[in-house]
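Peer 1: So you can see what is in the structure, the chains are spelled out below.
There are 2 protein chains.
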Amino acid sequence: MVKTLLEAFNTAEYPVVGHGKRNVQVLKDTFDHLDGEIDSDIYGTGTVIEDFQTKIAAYLGKPSAVFFPSGTMAQQIALRLWCEEKGSRKVAYHPLCHLEIHEQDGLKELHHIEPVLLSDKDRLITLDDVKSMEDGIACLLLELPQREIGGQLPAFEELEAIAAYCRARDIRLHLDGARLYEILPYYGKTAAEVCSLFDSVYVSFYKGIGGIAGAILAGGEEFTKQSKIWKRRHGGDLISLYPYILNADQAFDERLPKMEQYYRSAVELAGLYNSGIEGVTTRPLVPVSNMFHVHAAFPKETFETILIAVYEETGIGLTGNVRDAGDGASYYEVSLGDRYPAIPKDRLKQAFELLHEKVKQTAK
Amino acid sequence: MVKTLLEAFNTAEYPVVGHGKRNVQVLKDTFDHLDGEIDSDIYGTGTVIEDFQTKIAAYLGKPSAVFFPSGTMAQQIALRLWCEEKGSRKVAYHPLCHLEIHEQDGLKELHHIEPVLLSDKDRLITLDDVKSMEDGIACLLLELPQREIGGQLPAFEELEAIAAYCRARDIRLHLDGARLYEILPYYGKTAAEVCSLFDSVYVSFYKGIGGIAGAILAGGEEFTKQSKIWKRRHGGDLISLYPYILNADQAFDERLPKMEQYYRSAVELAGLYNSGIEGVTTRPLVPVSNMFHVHAAFPKETFETILIAVYEETGIGLTGNVRDAGDGASYYEVSLGDRYPAIPKDRLKQAFELLHEKVKQTAK
Numbered sequence: 099m100v101k102t103l104l105e106a107f108n109t110a111e112y113p114v115v116g117h118g119k120r121n122v123q124v125l126k127d128t129f130d131h132l133d134g135e136i137d138s139d140i141y142g143t144g145t146v147i148e149d150f151q152t153k154i155a156a157y158l159g160k161p162s163a164v165f166f167p168s169g170t171m172a173q174q175i176a177l178r179l180w181c182e183e184k185g186s187r188k189v190a191y192h193p194l195c196h197l198e199i200h201e202q203d204g205l206k207e208l209h210h211i212e213p214v215l216l217s218d219k220d221r222l223i224t225l226d227d228v229k230s231m232e233d234g235i236a237c238l239l240l241e242l243p244q245r246e247i248g249g250q251l252p253a254f255e256e257l258e259a260i261a262a263y264c265r266a267r268d269i270r271l272h273l274d275g276a277r278l279y280e281i282l283p284y285y286g287k288t289a290a291e292v293c294s295l296f297d298s299v300y301v302s303f304y305k306g307i308g309g310i311a312g313a314i315l316a317g318g319e320e321f322t323k324q325s326k327i328w329k330r331r332h333g334g335d336l337i338s339l340y341p342y343i344l345n346a347d348q349a350f351d352e353r354l355p356k357m358e359q360y361y362r363s364a365v366e367l368a369g370l371y372n373s374g375i376e377g378v379t380t381r382p383l384v385p386v387s388n389m390f391h392v393h394a395a396f397p398k399e400t401f402e403t404i405l406i407a408v409y410e411e412t413g414i415g416l417t418g419n420v421r422d423a424g425d426g427a428s429y430y431e432v433s434l435g436d437r438y439p440a441i442p443k444d445r446l447k448q449a450f451e452l453l454h455e456k457v458k459q460t461a462k
Numbered sequence: 099m100v101k102t103l104l105e106a107f108n109t110a111e112y113p114v115v116g117h118g119k120r121n122v123q124v125l126k127d128t129f130d131h132l133d134g135e136i137d138s139d140i141y142g143t144g145t146v147i148e149d150f151q152t153k154i155a156a157y158l159g160k161p162s163a164v165f166f167p168s169g170t171m172a173q174q175i176a177l178r179l180w181c182e183e184k185g186s187r188k189v190a191y192h193p194l195c196h197l198e199i200h201e202q203d204g205l206k207e208l209h210h211i212e213p214v215l216l217s218d219k220d221r222l223i224t225l226d227d228v229k230s231m232e233d234g235i236a237c238l239l240l241e242l243p244q245r246e247i248g249g250q251l252p253a254f255e256e257l258e259a260i261a262a263y264c265r266a267r268d269i270r271l272h273l274d275g276a277r278l279y280e281i282l283p284y285y286g287k288t289a290a291e292v293c294s295l296f297d298s299v300y301v302s303f304y305k306g307i308g309g310i311a312g313a314i315l316a317g318g319e320e321f322t323k324q325s326k327i328w329k330r331r332h333g334g335d336l337i338s339l340y341p342y343i344l345n346a347d348q349a350f351d352e353r354l355p356k357m358e359q360y361y362r363s364a365v366e367l368a369g370l371y372n373s374g375i376e377g378v379t380t381r382p383l384v385p386v387s388n389m390f391h392v393h394a395a396f397p398k399e400t401f402e403t404i405l406i407a408v409y410e411e412t413g414i415g416l417t418g419n420v421r422d423a424g425d426g427a428s429y430y431e432v433s434l435g436d437r438y439p440a441i442p443k444d445r446l447k448q449a450f451e452l453l454h455e456k457v458k459q460t461a462k
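If you're matching them up, the sequences are chains A and B in order. Residue 99 is where the first sequence starts when you use the numbering used here, and the numbers rise one by one after that. Residue 99 is where the second sequence starts when you use the numbering used here, and the numbers rise one by one after that.
Quick caveat, the hints were computed from the structure, so don't treat them as lab data. The model shown is predicted, which means the values in this text are computed figures rather than measured ones.
In silico lysine-lysine, BS3-like type, Cα no more than 30 Å apart, as pairs:
#  : chain 1 : residue 1 : chain 2 : residue 2
1  : B       : K398      : A       : K323
2  : B       : K323      : A       : K398
3  : A       : K398      : A       : K101
4  : B       : K126      : A       : K126
5  : B       : K119      : A       : K326
6  : A       : K326      : B       : K326
7  : B       : K206      : A       : K184
8  : A       : K188      : B       : K326
9  : A       : K287      : A       : K219
10 : B       : K188      : A       : K206
11 : A       : K188      : B       : K188
12 : B       : K153      : A       : K126
13 : B       : K326      : A       : K206
14 : A       : K153      : B       : K119
15 : B       : K398      : A       : K326
16 : A       : K119      : B       : K153
17 : A       : K326      : B       : K323
18 : A       : K458      : A       : K101
Covered stretches of chain A, going by a simulated chain B footprint (3 or more residues, C-beta under 8 Å):
#  : segment
19 : 116 to 125
20 : 159 to 170
21 : 205 to 212
22 : 304 to 311
23 : 335 to 345
Covered stretches of chain A, as calculated for chain B (at least 3 residues, CB under 8 Å):
#  : segment
24 : 136 to 142
25 : 320 to 332
Positions of the beta carbon are idealized from the N, C-alpha and C atoms, including for glycine.
Only chain A is shown next, with the shape it has when bound in the complex (with noise of 0.2 Å):
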């Protein structure tokens, strides 16, 4: 039987993306070493829930920060009651954001908000789209980096400009930082840097954290205690919340120190992407996060067909998951994690040599 290319992925002796694999073990790991006698949270109160809220706020810089099962669920509601402070159900984000494309729409379904979209969808928000938006705009959402299009980030610079005329304009700002710690040396600046410029600010516990599931939302006192409302109201404010929540505390103190090999990881590998592969490059060409996209001028069941040919010739997994791009046209989304440090070099040259070789005979 053929295997398919998650099956070859899965069995590659060296996978190259990701922390490993999300199994059983995750959960062992972090419990295996805890006290039993440690209490639950019980509905978002107890030590558990409340000295990691303290943690993550003190390093995002806001006074106070709320656990969410979901990024789902956090972001709708920081949305929601941006709205309700400024009396309209107008938002801005960008076309590729995640409540727009991966929420099967709940925010307008459960919280009626009118999203207004800004700029296009293959490039980052810039001030001029931001100073181009319609009145009424409660909130204006940006994702850093912008994972769709590849984990692109705009410069700095730019998002002082885009904060301080949102500032001025008493538009509130809201940091869709799912990947906030993965930017933090590309930026050269602390987290608390970074969200001094939004009012709210989200983050996840699964993505370069390595974490089994979980989010938190921080800003002001105010905010952060409605937001405990809604959390209720979503169906958020589970009894017992601790099995993310010790998990995630530990995962942050392991990877967040490794944040700046990721970051380089990615860049070495987005070079050998971009070592001449006729039809294939990366997305930013340069990462400038721990995650970039690779786009091939091909069709999905060909760049399959090629990657599962590498990966049992070489023994080294590049991805499982290739997408169709449209136009014969495809991707897929690398981020690199605790895995890629052990891969050994020449394997990996041999594999991406084979890539070239085999992209090359397939082109003919």
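Let chain A serve as the given structure and place chain B on it in line with the hints.
Peer 2: For chain B alone, kept in the frame of chain A given last:
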């Protein structure tokens, strides 16, 4: 320093109610014995979540089931779906329904559903209440047992009559079965027999079952398929729910056979409360599940002082939480579980003798 009631309960030699402490050990006990190689569920897919959903659907006698992080989320969604089907915004439920008093009005704020409150808050919904409902009700929610009035149940025949009435009028019937397992011994029915009267059913895994958190919503294929879309909208479609699922699965197998025991414990303990202690009585007088309420004709603070003294002198902890019932009265909820059989009967008897004595002294 004087102990609070909760402290006195938590440090009592023999806490009488519940299964045990809600601490990290609950999770460790589940995962210590599980293989680390078990793959995480991914956004609602994967063996871990699908197998459990299939298992519980079969147990409830429904075609399909979906795991949710919380009952709050599951039930709002169930009612929303039935409202969509009918093209109505009206549902009917008890005045002390969980959705009415414990969810910060999520049903109204997120779904704009208008509940019609049936019956007085001090009694069960009857067939007559149902017959007197206004037109246009999309769904009637019944909670079995009715928790906030001590866990009372209608006769099964009345339930059947209500179901028949609703079916004949295209009113959907939804079961808040947070404590469904706990009532099966009294009804002498299987879960599937009870659920056959309902179009949709929610069950919980952290009450009688004693799991960490989580819920199942069960019903027809199309209903549960639609519920997954709303689960994503609510922010409940987490990348990984396995910490709850694997624990719930184990707790379900372990505790389901003990529901008869928990029920018998409640009947026995209620008998001790109803042994002539002045101003103290249980509701219902004879429990029909593992739960009941203890009502006292004196204020919360008085009751707390008496209870703390009883715990300290006898080592028996009866409750950690007394609530104000208004008009100088007070009450608390009792749920029996794994702890009860281990209590030495003579110590328990001694505690009730002392309770009797101290209440008498206070009344003077």
